[in-house]
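Just so you know, the protein sequences line up as chains A and B, in that order.
Just so you know, the working numbering puts 257 at position 257 of the first sequence, and the rest follows in order with no gaps.
Just so you know, the working numbering puts 263 at position 263 of the second sequence, and the rest follows in order with no gaps.
Quick caveat, the hints were computed from the structure, so don't treat them as lab data.
Take these hints with a grain of salt, some might be off.
Repeated chains share a single entry, so a pair holds when one copy, or any two copies, can fit it.
Below, computed lysine-lysine pairings styled on DSS-like, alpha-carbon distance capped at 30 Å [as the list claims (entries may be wrong)]:
1) Lys75 x Lys172
2) Lys269 x Lys325
3) Lys108 x Lys50
4) Lys30 x Lys50
5) Lys75 x Lys50
6) Lys269 x Lys327
7) Lys152 x Lys168
8) Lys50 x Lys168
9) Lys269 x Lys108
10) Lys33 x Lys152
11) Lys50 x Lys325
12) Lys168 x Lys269
13) Lys108 x Lys325
14) Lys75 x Lys33
15) Lys168 x Lys327
16) Lys50 x Lys152
17) Lys152 x Lys327
18) Lys325 x Lys152
19) Lys108 x Lys327
Protein chains: 2
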Amino acid sequence: MPDLYDVAAIGNAIVDVIAPADDAFLVDNKLDKGAMMLVDEARSTELYGKMQAAVETSGGSAGNTIAGVASLGGKAAYLGKVADDQLGRVFTHDMRAIGAHFEPTPLKGGPATAVSMINVTPDAQRTMCTFLGASVEFTDADVTPAIIEGAKIVYLEGYLFDAEPARKAFAKAAALARGSGRMLALTLSDGFVVDRHRAGLLAFIESQVDLVFANEVEIKSLFQTDSFDDAVREIIPRARLAAVTRSEHGSVVVTNAETAHVPAYPVEKVVDTTGAGDQYAAGFMFGLARGRSLTDCAKLGALAAAEVISHYGPRPQVSLQTLAKEKGLI
Amino acid sequence: MPDLYDVAAIGNAIVDVIAPADDAFLVDNKLDKGAMMLVDEARSTELYGKMQAAVETSGGSAGNTIAGVASLGGKAAYLGKVADDQLGRVFTHDMRAIGAHFEPTPLKGGPATAVSMINVTPDAQRTMCTFLGASVEFTDADVTPAIIEGAKIVYLEGYLFDAEPARKAFAKAAALARGSGRMLALTLSDGFVVDRHRAGLLAFIESQVDLVFANEVEIKSLFQTDSFDDAVREIIPRARLAAVTRSEHGSVVVTNAETAHVPAYPVEKVVDTTGAGDQYAAGFMFGLARGRSLTDCAKLGALAAAEVISHYGPRPQVSLQTLAKEKGLI
């Protein structure tokens, strides 16, 4: 199979609903600051009714990553489930408009396209309440072999571990990737996801995953340790490669042979941290697909993350390719 | 009837779809730069398919004005038609979240909630293609007497002259306003609207309107003159009061007795001119409803316009009340 894509990703196809909020709003509504909580339709409607005036924009963790890869000039494909409704068409439009391959079979007669209500506090932290809607109707039937087999890196979003049919889809994607000699990457997505699926995630990583993305909270939770260094030691040799982000402290890239610490890019003002990890993964994988050193991959990740936290919204607003060229990274 | 609202407005309830574009895109798609063009559903779908990745946000000219009035701390009500769909719920949520009164009867089984595709070029000009959808199903049955009779100023959006049922709704609103001693304001909205409805607009102004909002293009078109001064002379005594905006050259406020020139507020960088006129009207009417001098009204309008052109999106992103207090205007 020829290399059709630098990165192909499977994720929850979600439209973000972004509004400012104060800390009292989080407390009043029992929302864990900085986390992603799943809500049902009734709670979703209730919370939306209380949120401030919002802006809607296509999101979803892996969808954001694919947008970042495309913005860097990479070839990208996305697999995810939208409903046959207005927000599903919005998500589909935006994915295609950035130049990514996305040919969904929209869900008819089921739940609506997923939405994530993102409350951004003045400290730039985002707290998310996600109604998964149609996105969890993603099944192995939605895993197109030609996409997986044609991608240098296949990227899976840990959030999908919450849905049984999606875990089957992951197994299919992993088998296809392995069979065609493709690299399989996984992001742990969220500390609570790791809590809910620790054993399943560990088994999946050990048996299938080449590259793990995590932040500090997630990797500590995965190995139930308070020590970052211990957690990093545990991840290798379960995976061949891991990239662990530490917010303003940069990231750590680990293999069997080396551990590299790469600083974060300075940001004038952090406005909204939504999508920081997603863009880090985008930069890192774009570099990897293009044969760059691991340190350069981490720098590309840091640059992409710095762009996205400088404004509201989870996807790049300027060309990351231009930005990376200016910094001499590509 | 007590004063329930500073401003009640009737407008096309529209969700904006905002994306960057270059000038070539406008030329290729035969779009008149800076104008608002009406498109049918087929053309809407075609153009959306060609647009860049976008952000969705509640808009509509009078809706934006109501958001501005609310942001200034004013009491505001809105009348407009949305469909019973996702974007209709988005529009409704945002209107209520800013504290405005909005109790629509959503349209079922008809066209979708209106969308305006706004292409913003690097020079910050916005070019709009609007699919009016459900918004033009607004009829005189949607004009709630208690809202009109309880508003110090009743504000009508000229765009609605394109729909016959909405013109009937305007007649009803005008009669209710007159009967209850309320001030009736009208914005001309767009040069092409004036072209399409010159005679109707003039007759409506002469018989009903107290306060006219226009920009330079619109007022020249209304009186078919190339002279700004001539146009301004013509508007009075047809209306009692007119506020005419001239972009970076500020605005001119005219009555029988006086003509005041008020400068624009300096803006560091103009990002997106969408909503500039709408916010000017918001500031002006808020001042008027609170008994401020005409010059102060124009200053409030200029301040609100300056805020909205400093970022993408047609509604204020910071509290205009705070901003106006900082500037000593309220």
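Let me make sure I understand: some of the numbered hints might not hold for this structure. Which ones are they, in numerical order? 8, 9, 10, 12, 13, 14, 15, 19
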